[in-house]
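Participant: Each chain, letter by letter, is given below.
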Amino acid sequence: MAILEVKDLVVSVEGKRILNGVSLSLEEGKVHALMGPNGSGKSTLAFAIAGHPGYVIESGRIFFVGEDITEVPPHERARKGLFLGFQYPPEVEGVRLREFLRLAAANCQEPFCEFQKLYREALEYLHMEDLGERELNVGFSGGEKKRSELLQMRVLRPKVALLDEPDSGVDVDALRLIASGIEEAARSGTAVLLITHYPRILEYLPPAKVFILDEGRVVKEDGPELAWEIERTGYEAVR
Amino acid sequence: MMRRTRTGLTVELIEEISHEKGEPKWMLERRLRSLRIFEKLPMPRFGPDLSEVDFADISYYLRTVEPVQNWDELPEEIRRTFEELGLPEAERKALAGLGAQVDSEVVYRSILQEVRAQGVIFEPMEEALRNHPELVRAHFMKVIPPEDNKFAALHGAVWSGGTFVWVPEGVEVEIPLQAYFRMQTQGVGQFEHTLIVAEPGSSVHYIEGCSAPRYTRVALHSGMVEIVAKEGAHVRFTTIQNWSRNVYNLNNKRAIAYAGAAVDWVSGSLGSKVTMLYPSTILAGKGAKTENLSFSFSRDGQWLDLGARALHFAPDTSSRLVSRSVVQGKAKSVFRGKLYVAPEARGAKGHVECSTLLLSPEAETETIPTLDVRNDEVEVGHEATVGRVSWEQLFYLMSRGLDEAEAMSLIVNGFVSPILREIPFEYAVELRRLLEMSFAEAIG
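Heads up: the sequence lines are chains A and B, in that order.
Here the first sequence is numbered in the numbering used here, starting from 1 and rising by one per residue.
Here the second sequence is numbered in the numbering used here, starting from 240 and rising by one per residue.
Read the hints as simulated data drawn from the structure, not as lab findings.
Just so you know, not all the hints are guaranteed correct.
[Stated by the list, open to error] Okay, the calculated beta carbon distance ranges per label pair:
{"#": "1", "chain 1": "B", "residue 1": "540", "chain 2": "A", "residue 2": "184", "range": "47 to 55 Å"}
{"#": "2", "chain 1": "A", "residue 1": "129", "chain 2": "B", "residue 2": "322", "range": "37 to 45 Å"}
{"#": "3", "chain 1": "A", "residue 1": "134", "chain 2": "B", "residue 2": "629", "range": "18 to 26 Å"}
{"#": "4", "chain 1": "A", "residue 1": "134", "chain 2": "B", "residue 2": "568", "range": "26 to 34 Å"}
{"#": "5", "chain 1": "B", "residue 1": "414", "chain 2": "A", "residue 2": "73", "range": "45 to 53 Å"}
{"#": "6", "chain 1": "A", "residue 1": "73", "chain 2": "B", "residue 2": "600", "range": "53 to 61 Å"}
{"#": "7", "chain 1": "B", "residue 1": "629", "chain 2": "A", "residue 2": "223", "range": "38 to 46 Å"}
{"#": "8", "chain 1": "A", "residue 1": "168", "chain 2": "B", "residue 2": "664", "range": "36 to 44 Å"}
{"#": "9", "chain 1": "A", "residue 1": "116", "chain 2": "B", "residue 2": "583", "range": "51 to 59 Å"}
{"#": "10", "chain 1": "A", "residue 1": "116", "chain 2": "B", "residue 2": "629", "range": "25 to 33 Å"}
{"#": "11", "chain 1": "B", "residue 1": "540", "chain 2": "A", "residue 2": "200", "range": "53 to 61 Å"}
{"#": "12", "chain 1": "B", "residue 1": "363", "chain 2": "A", "residue 2": "134", "range": "44 to 52 Å"}
C-beta atoms are modelled at their ideal positions from N, C-alpha and C, and glycine is treated no differently.
Taking the hints into account, I'd like the entire structure generated from these sequences.
Facilitator: Written as structure tokens, this is what we have:
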């Protein structure tokens, strides 16, 4: 059953139309890849689903576990179990990662002792022991930021995770770690929408489904083989 | 029970105050001299508009803080804040000036006994004037003479209440001394005078004020703090100010640090209509140090004009002035950071750093650094930044389940954290809660 369903979504940013009627659905416990050339609207789709007020939904609906969340404010979407992993997470001076995440977990109904356990495990898993007491994303390298986003996902245990380029700018060891972290989340039931430019991460993390976005529309959707086809022929072939 | 002198500032009034207190003649003479200076000095030529302050219409001597008669007289905003902070009934009444007696006497006495056993004098100013007249006379208004500015002169003429602290040579006072704890109204005055004298090698931390809002009907508060840190002494002075929004809060605070001494000022300013506050340290001896940490949160209708000054008069002295200001709504925040380095202060180091966070488009801020350096062998620096909360930051936190008020409060708390970390825990917790409430209200 579809846990997240997007129907005919039309979205503009600062008066400019970016999405021209996107429909897709995500299934529990599966990894879905969202690919497409630069400027095709991948990040816009993620921000719109997460409820960023700057991404104006002109028409179309978003359903989360059967409920229409199109008008629901972003923090309530998060509390229902929607997670957005940022491509460029902003720095927040003076706020410690652990402190912030504890507040987030409490809002997402995670009991405190459960949080402690998950948090410690996640730090260890992602080799981030030295980052927990640092200020949120402040001075983090590109790879550290990606691991921090994944850490947050592991602790918050969302029903749906939209991950915007978790693989960009990371080295091959970190890439493997991130891929296996995502795979584990999917195995425990999270529906993952993995936004990526490159099929490289998909070698470690075979998707159940691939969507190709171009000029604000899903132009093709198919099994994992679609990703390899893109790698061979580029996006021109699906246009 | 409550006595209120007539308004207006006259020689007769000063004589009456002095007589009522049974003061020695020299104090009366100093008061009258201050009055004459007050009459000659002009109003400050910088900063907020003070034209509403009418010296003829202020009651200068309240034997106790004039209480309100019942809850209904309190501004709605203050009642709500007390409720949300979950303050005990008795404490609310005391903060509101309802005149409740809170039984903190027992704790207070045991602390007093402990520090007095070390030879420390920690007394209301009036008592100290009776018990230790020579000690008070030697230091009273020597760090800030009445000639310094109009409000120093006014204070010198009409001062009343406050605290005297004297720490003997080599004694380290471990417990922070608080201005009679926050529940007691007697330490709170309109023109209170705090004088701290730390003998060589001693150390003391003094805390005044509180983060919960404090209601007063008086329109002008003009206290004075003088600190004398002798050779190798260490004095830290923490102030949290949250006066009700009808108050003009115009204070004078200055310290003198002799060789090897250290003076730290930590100030949090939340309340009042207008505040002018520039804690200063005179670095008079070789190797003296000062740190001045300030944070402020200005909201609709407020003008908080703050600053810090370090005056280097001796070699190898160092100073660090740091400020974090948050401005919400139609408010104004100013920070004046001043470093003066005299020709003889070779090897001096000074650093001024001020950052402001604007939370609304109407918020106004100004940072005014003054670096006046009179020799070449120094290291001085200055940084100033002004920022706004970005939608990217807010949305990021909200996408993790924090509502807008929580997200805003976390960002602001993070921003002021370098200062908040220096504030005693129980105050910091309450401050955080106050910030959250304020954002929840603003966002609605």
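Participant: Each hint should be assessed against the structure and marked as holding or not.
Facilitator: Hint-by-hint comparison with the structure:
About 54 Å separates the C-beta atoms of residue 540(B) and residue 184(A), a value consistent with the hinted range of 47 to 55 Å. A beta carbon spacing of about 43 Å between residue 129(A) and residue 322(B) agrees with the range 37 to 45 Å that was offered as a hint. At about 20 Å, the beta-carbon gap between residue 134(A) and residue 629(B) stays in the expected band of 18 to 26 Å. At about 32 Å, the CB distance of residue 134(A) to residue 568(B) agrees with the hint of 26 to 34 Å.
Distance hint for residue 414(B) and residue 73(A): a CB-CB separation of about 47 Å, consistent with the stated range 45 to 53 Å. A C-beta distance of roughly 22 Å is found between residue 73(A) and residue 600(B), which places it outside the suggested range of 53 to 61 Å. At about 40 Å, the beta-carbon gap between residue 629(B) and residue 223(A) stays in the expected band of 38 to 46 Å. In this structure the hint that residue 168(A) and residue 664(B) lie 36 to 44 Å apart at CB holds, the actual value being about 42 Å.
For the pair residue 116(A) and residue 583(B), the supplied restraint of 51 to 59 Å holds, since their beta-carbon distance comes to about 57 Å. The hint said 25 to 33 Å for the Cβ distance between residue 116(A) and residue 629(B), and at roughly 31 Å that hint holds. Distance hint check for residue 540(B) and residue 200(A): the Cβ-Cβ separation is about 57 Å, which falls inside the suggested range of 53 to 61 Å. At roughly 47 Å, the beta-carbon separation of residue 363(B) and residue 134(A) lies within the given 44 to 52 Å, and the hint holds.
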